[in-house]
Every structure is written in C-alpha cells, then in structure tokens.
Amino acid sequence: MPRRIWLARTLAAVYVAALVFSGGASVTSAAEDDVVLFPKVIGDPDENGAPPSGMMDFRDVDVGNALTECPQAGSPTDKQPKPLDQRTVDKVEQLSNGGDDNKTNQDYACFPQDETSIAVNPTNPRNAIGGANDYRLGWGTSGFYVTTDGGNHWYDGIKPFPTNANQLRDHVDGGGDPSVAFDRDGIAYYNDLHFMRENDESGIFVARSTNGGFTWSRPCVPAGSTDATARCGGNGDVRRPGDGVVSYFPDNDNALNGSVPANDKNYMTTGPRPAGVTPTCFAPISKAAIPAGQPGCPATLIGVDRLYVTWTIFFQGTATINFSYSDDRAYSWSPARVISGSAPFCAFGVTANACDSNQFSTPTVNPTTGALWVGFENFNTPDENQYLVVRSTDGGATFQGPFFVSVVFDVNYPRSGSNRLDCTARGQGSRNVLTNSCFRVNSGGNIVADR
Numbered sequence: 001m002p003r004r005i006w007l008a009r010t011l012a013a014v015y016v017a018a019l020v021f022s023g024g025a026s027v028t029s030a031a032e033d034d035v036v037l038f039p040k041v042i043g044d045p046d047e048n049g050a051p052p053s054g055m056m057d058f059r060d061v062d063v064g065n066a067l068t069e070c071p072q073a074g075s076p077t078d079k080q081p082k083p084l085d086q087r088t089v090d091k092v093e094q095l096s097n098g099g100d101d102n103k104t105n106q107d108y109a110c111f112p113q114d115e116t117s118i119a120v121n122p123t124n125p126r127n128a129i130g131g132a133n134d135y136r137l138g139w140g141t142s143g144f145y146v147t148t149d150g151g152n153h154w155y156d157g158i159k160p161f162p163t164n165a166n167q168l169r170d171h172v173d174g175g176g177d178p179s180v181a182f183d184r185d186g187i188a189y190y191n192d193l194h195f196m197r198e199n200d201e202s203g204i205f206v207a208r209s210t211n212g213g214f215t216w217s218r219p220c221v222p223a224g225s226t227d228a229t230a231r232c233g234g235n236g237d238v239r240r241p242g243d244g245v246v247s248y249f250p251d252n253d254n255a256l257n258g259s260v261p262a263n264d265k266n267y268m269t270t271g272p273r274p275a276g277v278t279p280t281c282f283a284p285i286s287k288a289a290i291p292a293g294q295p296g297c298p299a300t301l302i303g304v305d306r307l308y309v310t311w312t313i314f315f316q317g318t319a320t321i322n323f324s325y326s327d328d329r330a331y332s333w334s335p336a337r338v339i340s341g342s343a344p345f346c347a348f349g350v351t352a353n354a355c356d357s358n359q360f361s362t363p364t365v366n367p368t369t370g371a372l373w374v375g376f377e378n379f380n381t382p383d384e385n386q387y388l389v390v391r392s393t394d395g396g397a398t399f400q401g402p403f404f405v406s407v408v409f410d411v412n413y414p415r416s417g418s419n420r421l422d423c424t425a426r427g428q429g430s431r432n433v434l435t436n437s438c439f440r441v442n443s444g445g446n447i448v449a450d451r
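Heads up, the sequence shown is in my numbering, so the first residue is 1 and it goes up one at a time.
Keep in mind that a hint or two might mislead.
[As the list claims (entries may be wrong)] For each label pair, taking beta carbons as the anchor points, the in silico distance ranges come out as:
| id | residue 1 | residue 2 | range |
| --- | --- | --- | --- |
| 1 | V405 | K287 | 30 to 36 Å |
| 2 | P291 | G233 | 39 to 45 Å |
| 3 | D450 | L421 | 21 to 27 Å |
| 4 | F409 | T210 | 42 to 48 Å |
| 5 | Q294 | G317 | 39 to 45 Å |
If you are wondering where the hints come from, they were derived from the structure by calculation, not from laboratory data.
Just so you know, these numbers come straight off a predicted model, no measurement behind them.
For every residue, glycine included, the Cβ atom is placed at its ideal position computed from N, Cα and C.
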C-alpha cells in the first residue's frame, strides 16, 4: 500500500514471528477469550508502506519486569550452577520440562528473545549457532547460542557491540535482526543491525567466528578521513579498519528525526563465486576495489565463499532493498547499491514504476553455480502487497528484475488498532497480529535455492 514514509518511530512491544500464508476474510469473534475481531475488507486501506523491523520499532522502549525468577523450559542437565528457586512449579512448567527439548539460551533473566536465526556448520554437523533479539540487558541486543554436541548442551552470550571511533561514545549499543551463516570452511558469520536509540545513527554489521560461534570479532567503524589514516581504536588495537562494517550512517544532529538514512532489516547468505568472478577487497573509507593479492588485500584473507548481505534503507519517503558482498571473510565490504529496481507492476513510487517501498529481503545462493536470488515484500500496490525477486549470475555485479512472484494475501491477519482493539492497549501499535493473541506477525516471506 502506498505511503511515503522515512521510518516510523512507533513505540510498541514486539514479539515477532515470520509467517507467510494465504487466507480469506478474518474471523469476526474469538469467543473463547471474549475478544472482538473487526473484519478486514478487501480494498480498504491496510498496510500503508514498508514497516520498520520490530527491533527498530522497539528501539527506545525500556523492557522491564518485577520478576526475580521465572519458569525455565527445556533446561539441560549439566554441571553449571543452578539458581536457588523459591517459586512453586506449576503444571505448565512441569510439562515444559517433560520432553527432550533443550533450551538454547542459558540465562535466567526472565526477558524475551525473538526473531531467531540458526545455521549448521557444514564441516561439523554437530555444531549449530542460533541468533536472536535478546533483551536480557533490558534492551534489544544480539544474542548467540552455540552447541557442538548436536544440541544437547548450549553456550550463549551477547555478541560484542561494534566500535564507533568517529564518535564520543565507544560503541553502537542497540542491536538485533540476527542472521547467522557458515561458509564452506566452517567459519561462522553473525549479521545484525546496530543503532543508537536516541538519534538516527545506525549500521549493518557482520562478526566472524572461527571456533564454532563461542567468540566473535568486533566490527570496527573506521576513524579517519582517508584510507591511509583509517584506524580502529587506540594503540594496541590490531583490528583492520572497516572490519565487519557493511553499511553505516552517523547522525548529523543527535536527534531522532530521520535526518539521515536509516539501515534496517538485514539478512545474509554465503555461497561460491560464479565462474569467472574474481575475489576483491575494498578500502575502509573510499571503498575503492582492491584485487586479491595486491597490497591491502592479501590472498590469505580471501575466503572460500562470497558473503552476501541485503537490507532496507529508509530515507525521504523510500524504503529500498540494498546489497553488499565480501570476499575476504567479512573484513571489507563492497559499496552499497540499490537492487529493488523498477517495474510496471510497482505504483506510487517517487519516480514512475519505482519499486521503492520494500522490506524483509532474503538472499539465497545456488550452491553449484553461485547464482544469487533476493526475495522481498513490496508495498508499491493499490491494495494487497506483492512478493518480488531479483537475480544475479555474476556475483552481484548486475541484477535482473524485479520479477513478480505472488500477491501477498494477508487479509486474514487482524490488525492491532483497527481489527483487534484490545491489542493496542498491549503495546502493539497498528501491526498485524494473530486471531487468537496479540503476537505480532508479518508476511515477509523467504526464499532458498538448492541446486
């Protein structure tokens, strides 16, 4: 649906699941809990543009509770110390611990996790890494959860915050929107969004782990004005400037007002470079291309796979899908470029046929040919939204499309604020929710190439 937005700053609690399904009219009542549902009508205004991710929507809401302990489902038997709980274990908690499921997060903070991602190490199938928006610190951060014995035991933590050497503060704290991937050498990558809650500073980052996800590199926004003077921290900081920085926008007035572009809703994948595509590094400030083997791009840095990240940039009434890649294991990244394009089936854009209101991009790579596809939801429509795909067969040098895949029939989602008024009081803004609860959902979609 058309609406020119820069980025909604709605305050809303978020517990987001990514679901896609088709359906008809929404139900009109939910007698079991006395909730009234007001039906949607096809043709009525629904979604007014690409929504921000849950993490950005929830950016400056303080999360808290009055609990000192809470039920823990699926806790494994291990040698870790256990809390001295005083609560009475009810039937729900008993049932939750009655199966053979193990809990991946090992904290006891009673705070939520959501928007999960998981990947399995291709060189060691007993090694898996999960990621989630993790609120154990009281605000959204990027949690990681690791197993090396097939899920029987888990180690967890919060991924290091990126450093911002150009600002007075020493890190970019708000985090989330996780995407976890391995390359064919078994090196793990954690792609996420970081931002400051009080202004418009934001960035897309990728951290690297060579030990199965137990420790992670710390992305470095480079200080300095030239490639030759670029640096990370002070003396003794051995990181490469620009390590892990896909996209970054500093704020220009220290206010939350949309004065600079806003990064949002990222996802990543890995895969072989297509035939004829040569690896390249990029300078930290200018983003100038450096061929592999040349000064600034030692051959020892080049990975077996190309890493791809796609994400949304909101600015001046548009929400474009953007793209970047890395050949050197996330140490450097190509300049961002818009790939959402234009097509006759996109309406109400800033320019004619522009597909410039999008969100929820997902990249996937053919494991044999290295061809790349990116799917995303588009909102340049008069009524229901649409799912589009672009493709590249040369490692992202050029793209074809977008191609129309399907109308997104999500009229069976009631909307907080219009179809389920009770969800508004529970902090869900105007987002889609389920018919029997106030859990927020979206129709973002997903895509995968297997051959």
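Cross-check of the supplied hints:
no. : hint                      : result
1   : V405 <-> K287: 30 to 36 Å : holds, 32 Å
2   : P291 <-> G233: 39 to 45 Å : violated, 29 Å
3   : D450 <-> L421: 21 to 27 Å : violated, 44 Å
4   : F409 <-> T210: 42 to 48 Å : holds, 44 Å
5   : Q294 <-> G317: 39 to 45 Å : holds, 41 Å
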